[in-house]
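**Q** First to last, the protein sequences are chains Y and L. Sequence positions in the first sequence follow the UniProt record's numbering and run 1 to 203. Sequence positions in the second sequence follow the UniProt record's numbering and run 1 to 203.
A few of these clues could be false.
List of simulated lysine-lysine pairs, DSS-like, C-alpha gap at most 30 Å [to be verified]:
no.	chain 1	residue 1	chain 2	residue 2
1	L	K55	L	K126
2	Y	K55	L	K23
3	L	K101	Y	K23
4	Y	K73	Y	K101
5	L	K73	Y	K23
6	L	K55	Y	K23
7	Y	K23	L	K23
8	Y	K23	L	K126
9	L	K23	Y	K101
10	L	K73	L	K55
11	Y	K73	Y	K55
12	Y	K167	Y	K126
13	L	K126	L	K101
14	Y	K126	L	K23
15	Y	K167	Y	K73
16	L	K23	Y	K73
If you want a taste of the chain L side facing chain Y, the calculated C-beta under 8 Å gives, among others [stated by the list, open to error]:
no.	residue
17	T4
18	A40
19	Q42
20	L47
Simulated from the structure, these hints should not be mistaken for laboratory data. Where is the CB? At the ideal position from N, CA and C, for every residue including glycine.
Number of protein chains: 2
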Amino acid sequence: MAETHSLELLVQALRRLPGVGVKSAQRMAFHLLQHDRDGALQLARALEHATASVKHCSLCHTFTEDDVCPTCKDPRRDRTQLCVVETPADQAAMERTGAYKGLFFVLMGKLSPLDGVGPRDIGLQKLFDRIAAPAAPGEPEVREVILATNFTAEGETTAHVIAQALKGRTDVQVTRLARGVPVGSELEYVDLGTIAHALVDRR
Amino acid sequence: MAETHSLELLVQALRRLPGVGVKSAQRMAFHLLQHDRDGALQLARALEHATASVKHCSLCHTFTEDDVCPTCKDPRRDRTQLCVVETPADQAAMERTGAYKGLFFVLMGKLSPLDGVGPRDIGLQKLFDRIAAPAAPGEPEVREVILATNFTAEGETTAHVIAQALKGRTDVQVTRLARGVPVGSELEYVDLGTIAHALVDRR
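The following block holds chain Y by itself, in its conformation from the complex:
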């Protein structure tokens, strides 16, 4: 292809997006240049702005533009509960339920030894520091850590490692989201592992 240099560079840059291969990247580049140059410039500005201004909350490690994120600042949240999730998207899912009023800690990843992701690559030490001391002097300490990592092999491993590390702390209760049959599902179509867990954890 008699591709121009800057078009080629654009295709290469788009390929760095997760889930975008060379065909998609070409299609995106052609679309932007042919139909949406405004969108291309808007995206360029958004990328530069976000890269410059988005950092991590010093308390919960999620993305924020301030030192402390709005959730951690919110005085109405229960500061004795700390829900540990893998990503801001998981945090958002928890928030949308409206069933949780405590604080969060966002690991920004999960343990994955096969991919070389160890405890240092995600925020585990920061989590333990966070649990060891209250968010600010005079504030109530964390009494319950709710492990809400994903129910995948890596998420379960991450939850297990955190639970093990907190085993000695008698002042902190460590809980895990319940495993069971999803709301609205028919038993016939639920996988056997889930049914077995739901049976063991029946109440």
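Mind docking chain L on chain Y? Use the hints.
**A** Frame of chain Y; chain L shown alone:
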């Protein structure tokens, strides 16, 4: 979700990419900010650079940074043949075959009346002007127009409209890529319309 403003803007900007919904856009934004800020800045620069420097070849309408693209400039190409394709990606596919040595005309779209895309929205008039006069004074004129638009409803319509418009020109031969059984395929699994076409066009 306690999303930061610039993160939200980035997600919105990423959604303007074709085939990217809100979940993919969030995943892309998180990935760039968490793991690949270099990639984010590289993408921003590539977008700005491509938007500023990529324009259309004055002869074949494809993307280029110069007035005339390298293919149209190449003195070894047969200037009497003009292959009409929908997109630069289609042009690239034709080039990779190594079986075509003529010039191209890239429509940058296809007729699609249902979507409000008419002859003016794609480069049809530019194509007719290109056929009417040689690329440069003294150069050979176009003798054959090879219609290589896609074999979809829109591509066929586009080919039909071009063929109709060139019907009166006795000095220009209009051809269409052959329809037939793809190389390597078994008749049993080829759709009936394709087999019927291959039968009619047998040689």
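**Q** Determine for every hint whether it applies to the structure shown.
**A** Status of the hints after comparison with the structure:
Using a Cα cut-off of 30 Å, the hinted pair K55(L) and K126(L) holds, with the two alpha carbons roughly 15 Å apart. Our distance criterion of 30 Å between C-alpha atoms is met by K55(Y) and K23(L), whose separation comes to about 21 Å. Of the supplied pair hints, the one linking K101(L) and K23(Y) holds, its CA atoms being roughly 24 Å apart against a limit of 30 Å. This hinted pair checks out: K73(Y) and K101(Y) have alpha carbons roughly 13 Å apart, not beyond 30 Å.
Straight-line distance between C-alpha atoms of K73(L) and K23(Y) comes to about 27 Å, which keeps the hinted pair within the 30 Å bound. About 21 Å separates the Cα atoms of K55(L) and K23(Y), which keeps this hinted pair within 30 Å; it holds. Under the criterion of a C-alpha separation no larger than 30 Å, the hint pairing K23(Y) with K23(L) is consistent with the structure, at around 20 Å. The hinted pair formed by K23(Y) and K126(L) meets the criterion: a straight-line CA distance of about 28 Å does not exceed 30 Å.
For the suggested pair K23(L) and K101(Y), the alpha carbons sit about 24 Å apart, so the restraint of at most 30 Å is met. Note on K73(L) and K55(L): the hinted pairing holds, with a Cα-Cα distance of about 16 Å set against a maximum of 30 Å. Annotation: proposed proximity of K73(Y) to K55(Y) holds, straight-line Cα distance about 16 Å (limit 30 Å). Between the alpha carbons of K167(Y) and K126(Y) the distance comes to roughly 17 Å, so the proposed pair stays at or under 30 Å and holds.
With a CA separation close to 22 Å, the supplied pair K126(L) and K101(L) stays within the 30 Å bound. Of the pairs offered as hints, the one joining K126(Y) and K23(L) holds, with about 28 Å between alpha carbons and a cut-off of 30 Å not exceeded. Only pairs whose Cα atoms come within 30 Å are accepted, and K167(Y) paired with K73(Y) is accepted, the gap being roughly 29 Å. With a C-alpha separation of about 27 Å, the suggested pairing of K23(L) with K73(Y) holds against the 30 Å cut-off.
The restraint placing T4(L) at the interface with chain Y holds, with a minimum CB-CB distance near 5 Å, inside the 8 Å limit. The beta carbon of A40(L) is positioned within 8 Å of a beta carbon in chain Y (closest approach about 5 Å), and the interface hint is therefore held. Against a cut-off of 8 Å between C-beta atoms, the interface hint on Q42(L) holds, since the closest Cβ of chain Y lies about 5 Å away. About 4 Å separates the beta-carbon of L47(L) from the nearest beta-carbon of chain Y, less than 8 Å, and the hint is met.
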